[in-house]
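> Listed here are the chains, written in short residue letters.
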Amino acid sequence: MAEYTLKVRRYQPEPDDGKADGAYWESFDVELDETLSILDGILQAKNDQDGTLAVRCSCRAAICGSCGVKVNGQSTLACKTKIGEAADEAARIAEASETNGDGAAGTRGSEAEDVARPEIVVEPMGNMPVIKDLVTDMESTHWEKYRRVSPWLMPTGPEPEREHIVEPEAMVDVTQSVACIQCGACVSACLSMEADPDFVGPAALAKAYRFIGDPRDGQQEERLYDLANDPHGIYDCTHCFSCIDACPKGVAPMNQIMRLRRIAGDVHGIEDVNNGHNHELAFVKNIEDKGTLDESLLLQESFAPGIKGKLMPTKRAIKGLLESIPTAIRGIRTGKMRSLPKLIPGVHKKLPGDAQDQVKRIYEHAEEHSTELNLYIIGEGGEEEGAPGGEDVPAAEIAPEPDEPKELA
Amino acid sequence: MPEHDVLVIGAGLAGQRAALAAAEAGVTVGLISKVHPVRSHSNAAQGGINAALHEDDSWESHAFDTIKGSDYLSDQDAVEIMCREAPKELLHLEHIGVTFHRAEDGTLGTRAFGGASKARTYYVADITGQAIMHTLYEQLMKYDDLIDRYEEWFTTELALDEDGNCAGAVTRNIRDGSMEMFRAKTVILASGGNGQVWQPTTNALICTGDGIAQAYRAGAKLMDMEMIQYHPTTLAGKGFLITEGARGEGAHLLNAKGERFMERYAPNKMELASRDVVSRAEQTEINEGRGFPDGTVALDITVVPRKRIHEALREIVLVGRDFAGVDITREPIHIKPGNHYTMGGVKTDIWGRTNVPGLYAAGEVACVSVHGGNRLGANSLLDTLIFGRRSGEHAAERAKGSKLTNPSRAVLHDEEARVEAIVGREHDGRRVSEIKAELGETMDKHVAVFRDEEGIGTALEAVRRLKQEARSAYIDDRGTIFNQDVLGALELQNMLDCAECTCLAALERKESRGAQYRTDFPERNDTDWLKHIDVSVNGDGPELSESPVTITQWQPQERTY
Chain L
43 MAEYTLKVRR YQPEPDDGKA DGAYWESFDV ELDETLSILD GILQAKNDQD GTLAVRCSCR
103 AAICGSCGVK VNGQSTLACK TKIGEAADEA ARIAEASETN GDGAAGTRGS EAEDVARPEI
163 VVEPMGNMPV IKDLVTDMES THWEKYRRVS PWLMPTGPEP EREHIVEPEA MVDVTQSVAC
223 IQCGACVSAC LSMEADPDFV GPAALAKAYR FIGDPRDGQQ EERLYDLAND PHGIYDCTHC
283 FSCIDACPKG VAPMNQIMRL RRIAGDVHGI EDVNNGHNHE LAFVKNIEDK GTLDESLLLQ
343 ESFAPGIKGK LMPTKRAIKG LLESIPTAIR GIRTGKMRSL PKLIPGVHKK LPGDAQDQVK
403 RIYEHAEEHS TELNLYIIGE GGEEEGAPGG EDVPAAEIAP EPDEPKELA
Chain W
10 MPEHDVLVIG AGLAGQRAAL AAAEAGVTVG LISKVHPVRS HSNAAQGGIN AALHEDDSWE
70 SHAFDTIKGS DYLSDQDAVE IMCREAPKEL LHLEHIGVTF HRAEDGTLGT RAFGGASKAR
130 TYYVADITGQ AIMHTLYEQL MKYDDLIDRY EEWFTTELAL DEDGNCAGAV TRNIRDGSME
190 MFRAKTVILA SGGNGQVWQP TTNALICTGD GIAQAYRAGA KLMDMEMIQY HPTTLAGKGF
250 LITEGARGEG AHLLNAKGER FMERYAPNKM ELASRDVVSR AEQTEINEGR GFPDGTVALD
310 ITVVPRKRIH EALREIVLVG RDFAGVDITR EPIHIKPGNH YTMGGVKTDI WGRTNVPGLY
370 AAGEVACVSV HGGNRLGANS LLDTLIFGRR SGEHAAERAK GSKLTNPSRA VLHDEEARVE
430 AIVGREHDGR RVSEIKAELG ETMDKHVAVF RDEEGIGTAL EAVRRLKQEA RSAYIDDRGT
490 IFNQDVLGAL ELQNMLDCAE CTCLAALERK ESRGAQYRTD FPERNDTDWL KHIDVSVNGD
550 GPELSESPVT ITQWQPQERT Y
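Chains as they are written, first to last, in the numbering used here: chain L, 43 to 451; chain W, 10 to 570.
Calculated directly from the structure, the hints in this document are not laboratory data. The reader is advised that the hints may include incorrect statements.
Stated by the list, open to error - Listed next, with one range per pair, are the computed distances between beta-carbon atoms:
1. Ala237/L with Pro302/W: 30 to 40 Å
2. Lys332/L with Pro314/W: 43 to 53 Å
3. Asp157/W with Ala44/L: 45 to 55 Å
4. Glu140/L with Gly304/W: 54 to 64 Å
5. Ala44/L with Asn364/W: 32 to 42 Å
For every residue, glycine included, the Cβ atom is placed at its ideal position computed from N, Cα and C.
With the hints as extra help, turn the sequences into a complete structure.
Structure below.
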């Protein structure tokens, strides 16, 4: 048993008894074993100290997806976060902020003679309105987006008399998305959604992959066309990995989004409204050729790739390039792009020594080892041997924790 | 006042399946749940779902295993229906999208499970319940316009009309605290079991026996309430479940001396004997000093190939790592028997009908009875789906031939008053959470794997005292928006009603059968006790009666594994 302090972001929509109006912080001291969870801590506070403290919870075992919260700023499930580890993390944060000289924000009484107990910060999930304390309105955000992707299997052809015959690996593959418990932690952590609240988002897009990756579904192309041509669809993700860090079930939503992009662009040749697929190809090629990003070429290659693209630009390319000019100017002004003289083609610096050859070798290695097999079964230490289509994966190649969620970062 | 032909209360597997079946039959459906449907406890069913689908298997074999597993207390007509209809239901699930494990040739593959003479358990890794429930929820999205969902509405009481038909329910919208009378031609209870009466338990915090208690208070009979399953493999402390699938994949049970002790208790089936047998064996080892100091024995999964563990027992790898700090692929994990399942519940016929006209029940809230004295692993998902669907179909047909009647308005007023009274209680009694904790501890001590008259009597006395104390138990939250405190007080009353019925039935049954093992009556006694014990309300208190067990073609035999 050990003592911990939970600093909870509270919001009581009907304040009474002199409680603060609106949102406020309140600290609760609890005493429990370090291996117990943040949820156990919250429930102890709720049961013994203040029954008005609202939190959704049910299974306590990371299966039901009710208790999505932020702990020390990281979106997660309260029941899956050990309180001892969260306290260590809080201490680390407090130490770092003291070193940086921004005082004792997030810590308690720096005047205490011995080391003050760091407060574990617990907040409601982000990107959702708060109803009360740690309870958020998932209906108007998460569930609406879930319904957006027509989340049910649409088989074509007559129903088979028995089961559909499918590759065993195909079921294992989509089971990674099936493992999603709709807790919303990824939605809470999503940076793209913070910038664009209409973004369909990591959970709903992982759900979309669950059907698009399912060989029994007959609407693969239609689903992809729809999501590629929604400006808030698959190309609205900025690749920040936050959802992968947040997901308590190893669903790795961003990976599913990237797979949707590849199937949309490479398999179905879908030209998306954001020009995202061509932009991705241009970006990859740019690095392969130059080692670092040559911004002078990126836009033109995205819209008008190669010599042919420049000699005979399509209407779409011209329109796209013209429409990008304001964005480029804004980028230069705010310092997000290089200054104009450095954007002259040919000025971009080459990598020193044989670095460019090393980049090429990385590309070759990646191409040799690329696989569309999902993360349920992958090679160990990046040495993926598993191939698509159900080839044998040697036992030793099974990653011990394919979905190792990052420790609280 | 919302009105529907069929009102389904509870939205786990049984409730969602019932709602879909009723909608398909062409009636209007309301689906109420105190949590968002995908948070329901059906999620926790890990191992799989049984069906005699393979050509080498037969429904008769499945039925016999189920009946033997039940220690001959199940009603065999109901078991026959469940086992006959299982293959069709399983294929339906496959057709709507469940990603069942496939064999090498792409057909559905199986795993072995306890008490079964064939490997007939179909599964999705070890998230079978979750996978099926999310697939049903997808179907609810598909039929969005046919089924009105009321997510996060808490049903406080059932309402009857003046002729005694169930005609609706009083429900509190958790979001804003408003109380509504829902009118309906038929009502299907699908609100789950009462595992929270015990502490620890594998059950979710929401499993508070609401439907069992509400049906009981509305005059429905409860049956087999003494039959409470203790699962053989739960983590000490918090009671988390380790799926039987682990033993199905070949894991061993070891005592502290490293002996595979099941040899002494079930030499043929070993770890895959039925759950009551394995739990008793473990508890005997622990009681006789051959367990570990923390009151456990060990489950050794390391004998299962690593590849297979990661593919088929993925959730258990996470549970072991996150909640026990054990890498199950490398070392044994300590486990013990823990409260898991309510075999008893609201007594129904094979269409889910209770003795209250218009009131149906399906899933863990109900007792058909297909599980009798002991449920086989992977039969619970099947029970929810088969009898959920049958209830939905039957309730829809009944609704088509009847008119909406008027539930007694007094119920709404009474319920509003009850809630107001709880909110207004003075802070001079005990806290709701204290009473709940004492209840759980008491029941786990006295009404568990081994029972005797003295222990059960002690528990009953405690439950009756706690019922008194609960009347003045206080809460903190006086608000209307998301007032979970007041819901906790209502749940406590439900749990106490369930506990009282369980104690009475356990005291009454003076023999050992299935999950009821009486150290003072250690033998099964078919002459006197091959019958159900029913409990119903009489005035203010419970009254016991009995009813016959339906036997079709399987006469009771000695039960060995």
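> Decide, hint by hint, whether the structure agrees.
The hints, checked one at a time:
Against the hinted window of 30 to 40 Å, the Cβ-Cβ separation of Ala237/L and Pro302/W comes to about 55 Å, which falls outside the hint. Between Lys332/L and Pro314/W the Cβ separation comes to about 47 Å, which falls inside the hinted range of 43 to 53 Å. Distance hint check: the CB atoms of Asp157/W and Ala44/L are about 48 Å apart, consistent with the given range 45 to 55 Å. Separation of Glu140/L from Gly304/W is about 44 Å and departs from the stated range, judged on CB atoms against 54 to 64 Å.
Our hint of 32 to 42 Å for Ala44/L and Asn364/W is violated, since their Cβ atoms are close to 53 Å apart.
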